[in-house]
Amino acid sequence: MPKITYIDSSGEQRTIDVQKGLSVMEGAIQNKIPGIDADCGGGMACATCHVYVKEEWFNKLPKTQDGEQDMIDMAFEPKKNSRLSCQLIVSDELDGMVVTTPSKQT
Amino acid sequence: MIKTDVVIVGAGPVGLFAVHQLGIKGLKSEVIDNLDKAGGQCIELYPDKPIYDIAGIPECTGEELTKNLLDQIKPFKTNFHFNERVQEINSEGDNWIIKTSQNKVFSSPNIIIAGGVGSFEPRKLSVKDAEKYEGKNIFYSISDKNIFRNKKISIFGGGDSALDWALELSKIAEVTLIHRREEFRGAPHTLNQIKKEGKVDIKTKFQISSISGQNNIESINIKNDDGKETEVKTDYILSFFGLIMKLGPIAEWGLNMDKKTIKVNTENFETNKKGIFAIGDICTYPGKLKLILSGFHEGALASVECFKRARPNEKYRFEFTTSSKEIQARLGVKNK
Numbered sequence: 001m002p003k004i005t006y007i008d009s010s011g012e013q014r015t016i017d018v019q020k021g022l023s024v025m026e027g028a029i030q031n032k033i034p035g036i037d038a039d040c041g042g043g044m045a046c047a048t049c050h051v052y053v054k055e056e057w058f059n060k061l062p063k064t065q066d067g068e069q070d071m072i073d074m075a076f077e078p079k080k081n082s083r084l085s086c087q088l089i090v091s092d093e094l095d096g097m098v099v100t101t102p103s104k105q106t
Numbered sequence: 001m002i003k004t005d006v007v008i009v010g011a012g013p014v015g016l017f018a019v020h021q022l023g024i025k026g027l028k029s030e031v032i033d034n035l036d037k038a039g040g041q042c043i044e045l046y047p048d049k050p051i052y053d054i055a056g057i058p059e060c061t062g063e064e065l066t067k068n069l070l071d072q073i074k075p076f077k078t079n080f081h082f083n084e085r086v087q088e089i090n091s092e093g094d095n096w097i098i099k100t101s102q103n104k105v106f107s108s109p110n111i112i113i114a115g116g117v118g119s120f121e122p123r124k125l126s127v128k129d130a131e132k133y134e135g136k137n138i139f140y141s142i143s144d145k146n147i148f149r150n151k152k153i154s155i156f157g158g159g160d161s162a163l164d165w166a167l168e169l170s171k172i173a174e175v176t177l178i179h180r181r182e183e184f185r186g187a188p189h190t191l192n193q194i195k196k197e198g199k200v201d202i203k204t205k206f207q208i209s210s211i212s213g214q215n216n217i218e219s220i221n222i223k224n225d226d227g228k229e230t231e232v233k234t235d236y237i238l239s240f241f242g243l244i245m246k247l248g249p250i251a252e253w254g255l256n257m258d259k260k261t262i263k264v265n266t267e268n269f270e271t272n273k274k275g276i277f278a279i280g281d282i283c284t285y286p287g288k289l290k291l292i293l294s295g296f297h298e299g300a301l302a303s304v305e306c307f308k309r310a311r312p313n314e315k316y317r318f319e320f321t322t323s324s325k326e327i328q329a330r331l332g333v334k335n336k
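Those protein sequence lines, which keep their order, are chains A and B.
When the first sequence is numbered by this note's numbering, its final residue is 106 and no position is left out of the sequence of numbers.
When the second sequence is numbered by this note's numbering, its final residue is 336 and no position is left out of the sequence of numbers.
Hints may be right or wrong, so weigh each one.
Unchecked claim - In the SDA-like style, the derived pairs of lysine to any residue whose C-alpha atoms are separated by at most 25 Å in a straight line are:
no. : chain 1 : residue 1 : chain 2 : residue 2
1   : B       : Lys260    : A       : Ile7
2   : B       : Lys132    : B       : Lys260
3   : B       : Lys203    : A       : Gly41
4   : B       : Lys233    : B       : Leu125
5   : B       : Lys67     : A       : Pro34
6   : B       : Lys195    : A       : Gly67
7   : B       : Lys205    : A       : Gln105
8   : B       : Lys37     : A       : Glu77
9   : B       : Lys205    : A       : Asn59
10  : B       : Lys260    : A       : Asn59
11  : B       : Lys124    : A       : Gln105
12  : A       : Lys32     : A       : Glu12
13  : B       : Lys128    : A       : Ser103
14  : A       : Lys32     : B       : Lys246
15  : A       : Lys79     : B       : Lys67
16  : A       : Lys104    : B       : Ala187
It is worth saying that the hints were derived from the structure and are not from the lab.
Use the sequences and the hints to build the structure in full.
And the structure:
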């Protein structure tokens, strides 16, 4: 299974196996990774699963679709490498990806 | 004090359909919601986005679904209490006493919590000292635009609220519109109008970095992606970053919770407290799916237990809307 590393705002790292086909958000929720709220449940409607993606991985991701940037506008402290983790589907290509969670989601 | 069979907390799609399921059983409900209208997430988060998984409706928007649900429950003449939040509940014998933020008091044997992910609140500016100026120099909504006359206003956001107010206030004030990227989410024709009139100073790819002032805001600093900072003289900040959902007082009611959701049994969607039910996104049980259609089912089952509690001396009889004269009478159907 692909490994995804979540780093929280204090720098603590958690690496977990996430099944292919799940989103990075679902991987976090199922494994009780703190820092991702996902209030809307993955509907791209709330911006509370916001993560920063490490640059080398950011460029490998499929581009944002309509609506994701609109939601990121409302996220807490968005940056250039901001994504909604509910829209990042885990695959072999993303094995080893590192994401950082913001200091808060709302 | 308002006496009723059921108090429903939340006027989203699931709360609305619960009114229907209770109504056809002859139960009266009162609905309380913190927003100013019905629809919940359907209206606040995705009014124009099509939904494709409502059984029997191939495609409809959140707005259409809300309208249809309201039409469906019209016969029951339900009272809605908008702009109110349930603050406190207390038990009194077999009843619950429910108090709202507007000091309305209800007495009912049943409470159905259909609260989604909680009540909606504006997303606040996260910059240091913002709290100090909220309600004085920082606003998340506007009630009297005249206070901005001839002032310097910095508006944040890229949606319709930000664009509409930038255009409107540019007629009476000096407006700077600040947004984190070049594309705006709001209506293109509003943006074009703003550009055509040329009265709004538009700064894109900037975000707020600090606020300066004593008793009142005097200026703000904004920073772009490359770290370049610019000062903007500002009397008022208007921030339009949408709404967030906060669980609020429900967390204090002594219900068994799993993070932000309420544990229920799947027989009647009752919580650990007798007469308090949770349905829709806010409830959790093994296999729970956060779907509107699941919430409809949950409301139907909860309504049966509500009947038993509200009418302890009557026998509950399962009936179909197609054949029950009683249900049809409650729906106001004229017999042909």
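Consistency of the hints with the structure:
With a C-alpha separation of about 23 Å, the suggested pair Lys260 (chain B) and Ile7 (chain A) falls inside the 25 Å cut-off, and the hint holds. Annotation: proposed proximity of Lys132 (chain B) to Lys260 (chain B) is violated, straight-line Cα distance about 29 Å (limit 25 Å). The suggested pairing of Lys203 (chain B) with Gly41 (chain A) is violated, with an alpha-carbon distance near 33 Å, which exceeds 25 Å. For the hint linking Lys233 (chain B) to Leu125 (chain B), the alpha-carbon distance of about 18 Å falls within 25 Å, and the restraint holds.
For the proposed pair Lys67 (chain B) and Pro34 (chain A), the alpha carbon gap of about 38 Å is over 25 Å, so the pair is violated. Distance restraint check for Lys195 (chain B) and Gly67 (chain A): the Cα-Cα separation of roughly 24 Å lies within the 25 Å cut-off, and the hinted pair is therefore satisfied. The straight-line distance between the Cα atoms of Lys205 (chain B) and Gln105 (chain A) is roughly 21 Å, inside the 25 Å bound, and the hint therefore holds. Simply put, Lys37 (chain B) and Glu77 (chain A) have alpha-carbon atoms about 30 Å apart, too far for the 25 Å limit, and the pair is violated.
Proximity of Lys205 (chain B) to Asn59 (chain A) is assessed by CA-CA distance (about 20 Å); at most 25 Å being required, the pair is judged to hold. With a CA separation close to 34 Å, the supplied pair Lys260 (chain B) and Asn59 (chain A) exceeds the 25 Å bound. In summary, the hint linking Lys124 (chain B) to Gln105 (chain A) is supported, as the alpha carbons are separated by about 11 Å, within the 25 Å threshold. The suggested pairing of Lys32 (chain A) with Glu12 (chain A) holds, with an alpha-carbon distance near 14 Å, which does not exceed 25 Å.
For a cut-off of 25 Å, the pair hint linking Lys128 (chain B) to Ser103 (chain A) stands: about 14 Å separates their Cα positions. Restraint check for Lys32 (chain A) and Lys246 (chain B): satisfied, since their Cα atoms lie roughly 20 Å apart, inside the 25 Å limit. This hinted pair does not check out: Lys79 (chain A) and Lys67 (chain B) have alpha carbons roughly 38 Å apart, beyond 25 Å. Proximity of Lys104 (chain A) to Ala187 (chain B) is assessed by CA-CA distance (about 30 Å); at most 25 Å being required, the pair is judged violated.
This entry does not satisfy hints 2, 3, 5, 8, 10, 15 and 16, going by the numbered hints stated previously.
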